[in-house]
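Asker: Now that you have both chains on their own, put them together as the hints suggest.
Here are the chains, one letter per residue:
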Amino acid sequence: EADIYQTPRYLVIGTGKKITLECSQTMGHDKMYWYQQDPGMELHLIHYSYGVNSTEKGDLSSESTVSRIRTEHFPLTLESARPSHTSQYLCASNPSWGGTEAFFGQGTRLTVV
Amino acid sequence: GENVEQHPSTLSVQEGDSAVIKCTYSDSASNYFPWYKQELGKRPQLIIDIRSNVGEKKDQRIAVTLNKTAKHFSLHITETQPEDSAVYFCAASRDMDSSYKLIFGSGTRLLVRP
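Chains as they are written, first to last, in the numbering used here: chain P, 118 to 230; chain G, 181 to 294.
Derived by calculation from the structure, the hints in this document are not laboratory data. All figures in this text were calculated on a predicted structure; none of them were measured in a lab. All clues given are correct.
Within a straight-line C-alpha distance of at most 27 angstroms, the following computed DSSO-like cross-link-like pairs (lysine-lysine) qualify: (1) G:K202 <-> G:K237; (2) G:K222 <-> P:K174; (3) G:K217 <-> P:K174; (4) G:K217 <-> G:K238; (5) G:K217 <-> G:K237; (6) P:K174 <-> P:K134.
So here's chain G without its partners, still in its complex pose (with noise of 0.2 angstroms):
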């Protein structure tokens, strides 16, 4: 079946230095690209998305990246913060099929130090 992996599943980080979390998708129909974070005892919620006719985007500290061809999208955050610390889940989906689900991967969980 579909898949997506996630790396790494822990990230610790000085505050200050960036962060790095990567994904592959398997489904070479994939779309849609969404990312949320779990903060400890919240539900998740979506902080950036991409589409794939769009190789990069930025929200402030926080940016995505996609490579279709490779099958992998990144989110990068920058200048972390003690209160980016927090569980990360990548997913990938096919928008506008009405039957296809969202894939989450597996989840990091990344500690920005003080």
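Chain P extracted, bound-state conformation (with noise of 0.2 angstroms):
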């Protein structure tokens, strides 16, 4: 089924550790984003990419890092997570052409200990 898949739900770490929130869609996107954000509040875009190869920082200042190799793939990397970093990231993905309904994942619930 055509969706967008974000793993894993829900991780718990300990401060200093590196971490990669894995993003996958199976609709052909060309853009793909990432968001993130506190319980029913404001969506912070914090990485855009619209194709394989592009990145843009968001908005909102992030020390995360993202990749774009492949179309369906773009991965979150923290490097030293801190519990600043404990939130909701989102991730979402449109089309470039002929309609752009965007589509996000569940969503990974961070707690950074």
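Answerer: As structure tokens, this is what we get:
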């Protein structure tokens, strides 16, 4: 089934650890996004990609990095997690042409202790 | 940079009343305006969208209006029900632009009181 998948759904990790949040979509979308969102609050764009090998930082400064080596895959990496990184991370995608509805993943709730 | 402003940030209405959420965009080239609903603990999902060649669109109890001259668009929910309680996000984008990203408003928390 065409969808956008995020793993893990929940992650509790110690300070200083390196983590990678996975995001994959099977819809062939060119555009992919990472948002940071505290419960019920604003969607803060932290990374954006409009195609393979293209990445841009979003409006909210983030210590995370992303890569886009394949169209369907857009992982986010934190080299050294801190308690201030505790939040929900949402991945989204939408096509470039012929309709721009964005689809969101289920999210990863990250807690850094 | 381009931005979308959304008001109000919170809205409380009595069941059966109407709710209106307003957004203003800055990029005059924007031509696609979707609205997303995010229920508690769930991901945002598209509920309605409108393109710049249309002034109004309806889907049952939900309608969206667009004023291109003033660069603002609104979501109207009539006969509100408790299940309408959620956070609503507006967004703006340029359809058919391969490098333009979707820009979201800051969200409106709607509470429908039974």
